[in-house]
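For the record, the sequence lines run as chains A and U. The first sequence begins at 163 in this note's numbering and counts up one residue at a time. The second sequence begins at 99 in this note's numbering and counts up one residue at a time.
Hints in this document: simulated from the structure, not taken from any laboratory. Quantities reported herein were computed from a predicted structural model and do not represent experimental measurements. Don't take each hint at face value.
Over 12 Å on every C-beta distance to chain U, these chain A residues come out as not near it, computed from the model [to be verified]: (1) E183; (2) D254; (3) E301; (4) S303; (5) D338; (6) I396; (7) E487; (8) R534.
On the chain A side, residues computed to face chain U include the following (Cβ under 7 Å) [said to hold, decoys possible]: (9) G181; (10) P185; (11) L429; (12) W469.
All C-beta atoms, glycine included, are put in the ideal place defined by N, C-alpha and C.
Here is what each chain is made of, one letter per residue.
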Amino acid sequence: MTGRAAIVHDTALESYGFGGEHPFNPLRLRLTLELCEDLGLLEDYPLTPSEPATEGDLTTVHNLTYVRMVQEAGRGAALLSDLRPYGIGTGDNPVFPDMHAASARVVGGVLEAGRLVMRGDAAHAMCISGGLHHALRSEASGFCVYNDAGVAIARLKEEHPGIRIAYVDTDAHHGDGVQWMFFEDPEVLTISIHESGRYLFPGTGGVHEKGSGEGKGYAVNVPLMPFTDDGSFIATFETVVPEALRHFGPDLILSQNGCDAHRLDPLTHLSATTRLYEHVPARVHDLAHELCEGRWVATGGGGYDIWRVVPRAWAALWASVSHQELPEKLPEDWLHRWGPESPVGLPRLMRDDPADYPAGPRVSEISDKNARTAEEVLEKVLPLIR
Amino acid sequence: MLQVKDSMAREVATLSPGDTAGEALALCRDRRIRHLPVLDGGSLVGIVSDRDLRSATPAFGDPDRAAALAEVRVGDVMAREVVTTGPDDPIDAAANTMRERRINCLPVLEGDRLVGIVTSSDVMESLVYLLGAHEPGSRMEVVVPDRPGTLAGVAGLIGELGINIVSVVTGPRQEEDPPTRVAIFRVDTINPSHAASVLEKADYTVLWPPRP
Numbered sequence: 163m164t165g166r167a168a169i170v171h172d173t174a175l176e177s178y179g180f181g182g183e184h185p186f187n188p189l190r191l192r193l194t195l196e197l198c199e200d201l202g203l204l205e206d207y208p209l210t211p212s213e214p215a216t217e218g219d220l221t222t223v224h225n226l227t228y229v230r231m232v233q234e235a236g237r238g239a240a241l242l243s244d245l246r247p248y249g250i251g252t253g254d255n256p257v258f259p260d261m262h263a264a265s266a267r268v269v270g271g272v273l274e275a276g277r278l279v280m281r282g283d284a285a286h287a288m289c290i291s292g293g294l295h296h297a298l299r300s301e302a303s304g305f306c307v308y309n310d311a312g313v314a315i316a317r318l319k320e321e322h323p324g325i326r327i328a329y330v331d332t333d334a335h336h337g338d339g340v341q342w343m344f345f346e347d348p349e350v351l352t353i354s355i356h357e358s359g360r361y362l363f364p365g366t367g368g369v370h371e372k373g374s375g376e377g378k379g380y381a382v383n384v385p386l387m388p389f390t391d392d393g394s395f396i397a398t399f400e401t402v403v404p405e406a407l408r409h410f411g412p413d414l415i416l417s418q419n420g421c422d423a424h425r426l427d428p429l430t431h432l433s434a435t436t437r438l439y440e441h442v443p444a445r446v447h448d449l450a451h452e453l454c455e456g457r458w459v460a461t462g463g464g465g466y467d468i469w470r471v472v473p474r475a476w477a478a479l480w481a482s483v484s485h486q487e488l489p490e491k492l493p494e495d496w497l498h499r500w501g502p503e504s505p506v507g508l509p510r511l512m513r514d515d516p517a518d519y520p521a522g523p524r525v526s527e528i529s530d531k532n533a534r535t536a537e538e539v540l541e542k543v544l545p546l547i548r
Numbered sequence: 099m100l101q102v103k104d105s106m107a108r109e110v111a112t113l114s115p116g117d118t119a120g121e122a123l124a125l126c127r128d129r130r131i132r133h134l135p136v137l138d139g140g141s142l143v144g145i146v147s148d149r150d151l152r153s154a155t156p157a158f159g160d161p162d163r164a165a166a167l168a169e170v171r172v173g174d175v176m177a178r179e180v181v182t183t184g185p186d187d188p189i190d191a192a193a194n195t196m197r198e199r200r201i202n203c204l205p206v207l208e209g210d211r212l213v214g215i216v217t218s219s220d221v222m223e224s225l226v227y228l229l230g231a232h233e234p235g236s237r238m239e240v241v242v243p244d245r246p247g248t249l250a251g252v253a254g255l256i257g258e259l260g261i262n263i264v265s266v267v268t269g270p271r272q273e274e275d276p277p278t279r280v281a282i283f284r285v286d287t288i289n290p291s292h293a294a295s296v297l298e299k300a301d302y303t304v305l306w307p308p309r310p
């Protein structure tokens with residue numbers, strides 16, 4: 163497999179964050195990029211800068227009034243009571259200085275990654291700042307202000323009329339924002355595999371949510387049981403994703419690679435390890451070559467164990483995007499630099515040792531239930547895709 | 099969603115006592131419904147279900163079936179004693195009536211006028227809606243000792259964190275002594291674990307989200 167890979171990033175993208183003790187911490191980007199660099203994975207790959215998304219870009223999927231509210235909030239010019247209906251100024255999405263500019267940059271990064279791939283300048287492109295999949299048309303939600311994938315998909319569809327885009331979301335949380343933006347659009351297939359909404363934010367993502375109108379069948383949801391492990395997550399992915407993508411026949415695959423399904427993640431209740439975060443990119447990569455000449459854009463997403471999980475998971479993502487071998491060990495330099503800063507002991511190896519993650523109770527009950535859910539999706543939803 | 103009028107179907111297919119069983123069954127099939135109120139001169143005189151109609155006519159394949167479908171009249175088959183509800187009744191009262199009388203459907207009367215019909219599936223749907231995810235949020239389950247003020251205490255701590263409570267229901271926990279109740283909250287945050295740890299520090303038992 164060949165094809166040039168691009169990584170879209172600049173330090174300005176690290177200004178998207180909510181400060182203080184907030185769980186969404188842009189330090190995770192710094193940790194990841196420095197890990198990639200120390201591993202030698204960036205030697206032939208200079209960072210590609212990007213421009214912030216314009217108002218015109220943002221309003222492909224967001225309401226202009228909402229954009230204005232974010233702008234005012236970022237200038238400190240709005241009353242909290244006026245912002246709350248837009249999901250801003252809450253515990254999850256507090257106001258931070260210049261929040262419009264920082265949020266628009268994230269969107270611009272993912273849009274640039276999409277354009278590089280659609281122009282053929284890169285076969286695959288990654289922007290780990292992206293993946294803010296909860297942002298709604300007129301509302302910030304779940305740490306997400308603007309929906310980068312939503313804007314990129316809508317804009318690329320305008321720039322290349324008739325293209326079909328598949329969105330594959332393996333964040334532990336349902337990719338609700340992106341799903342609702344294209345719920346009636348048969349040219350955009352959204353697939354989300356996530357912890358069941360009965361147990362985890364945002365609460366949606368049941369199998370019966372399968373798109374509406376012309377788009378019926380083009381939203382695919384696979385809710386997983388709490389405490390699902392690698393084996394069952396991977397089996398579910400394999401049952402649903404290749405089949406769905408082959409039915410659909412995308413021209414571009416955009417993957418949201420949130421890594422908060424890891425056992426150590428403090429916000430969710432799934433039990434994956436780094437094995438999942440090697441498997442998913444490898445398979446999406448294969449499918450992109452099989453189905454759409456390799457055109458693949460990868461974003462980040464959730465991931466709240468920023469020391470032990472995120473850097474390793476997204477370094478593995480980049481290794482896959484750029485066709486490089488993932489080294490076995492974390493570099494000493496990185497460990498020395500960040501070890502003293504980390505509140506938790508840092509792993510020495512890039513891959514989790516399965517012995518450290520023994521199977522939990524009810525593991526077969528959980529995987530049986532997930533397998534039944536995947537079968538239900540296969541029978542009831544995938545036949546609607548044409 | 100808390101009153102019958104919020105959940106009921108307003109367009110009601112009805113029959114007259116003189117309609118045939120065949121016509122009634124065709125209506126059930128076309129509209130995919132199982133219960134039909136029977137009106138005579140605008141007032142409710144009975145109710146008939148597809149099951150009543152089937153048991154009053156020969157089975158499918160029986161040579162006498164066609165004749166019976168054309169002969170048997172709704173007025174001969176219908177139940178004449180109809181349990182009804184009103185549009186302003188609480189949905190839980192309607193649910194309780196259905197449970198007690200072992201029926202699956204209640205015509206809704208405003209005075210003498212039929213204004214809607216509510217079925218057990220409508221009640222289920224409103225239950226799902228009340229507990230459910232019509233806006234983004236997380237589930238929390240907290241044990242609340244069965245005495246005044248505990249629910250207020252929990253809600254107060256959640257409120258102090260700036261977290262909005264979208265909905266709450268409470269119910270008894272089975273086989274607990276002394277009796278306790280569990281409260282299920284939907285809260286508008288992606289990160290309920292912070293609230294959970296605050297509640298645990300205040301000596302509440304949090305059943306979900308699980309604590310590390």
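Query raised in the report: Holds or violated: W469 (chain A) as interface residue toward chain U, Cβ cutoff 7 Å?
Result: violated, 15 Å
Query raised in the report: Hey, does D254 (chain A) actually stay past 12 Å from chain U on C-beta?
Result: violated, 5 Å
**Report entry** Satisfaction of the G181 (chain A) interface hint, Cβ to chain U closer than 7 Å
**Finding:** violated, 15 Å
**Report entry** Hint check, L429 (chain A) versus chain U [nearest Cβ-Cβ separation less than 7 Å]
**Finding:** holds, 6 Å
Query raised in the report: Is the nearest CB of chain U more than 12 Å from the CB of E487 (chain A)?
Result: holds, 34 Å
Query - Whether E301 (chain A) stays farther than 12 Å from all C-beta atoms of chain U, as the label says - result: Given a closest Cβ separation of 8 Å, the condition is violated.
Query raised in the report: Would the hint on P185 (chain A) stand, with a C-beta cut-off of 7 Å toward chain U?
Result: Hint holds; P185 (chain A) Cβ to chain U Cβ min 6 Å, cut 7 Å.
**Report entry** Outside-interface status for I396 (chain A) - nearest CB in chain U farther than 12 Å
**Finding:** Since the minimum Cβ distance to chain U is about 23 Å, I396 (chain A) lies beyond 12 Å and the statement holds.
Query raised in the report: Are all C-beta atoms of chain U more than 12 Å from that of S303 (chain A)?
Result: The claim is violated: S303 (chain A) sits with its nearest Cβ about 5 Å from chain U, within 12 Å.
**Report entry** Non-interface claim for R534 (chain A) versus chain U (Cβ beyond 12 Å)
**Finding:** holds, 20 Å
Query - Assertion that D338 (chain A) lies farther than 12 Å from chain U (Cβ) - result: violated, 7 Å
Query raised in the report: Is the Cβ of E183 (chain A) farther than 12 Å from every Cβ of chain U?
Result: Violated, because the least Cβ-Cβ distance between E183 (chain A) and chain U comes to about 9 Å, which does not exceed 12 Å.
Checked against the numbered hints listed earlier, the structure breaks hints 1, 2, 3, 4, 5, 9 and 12; every other hint is satisfied.
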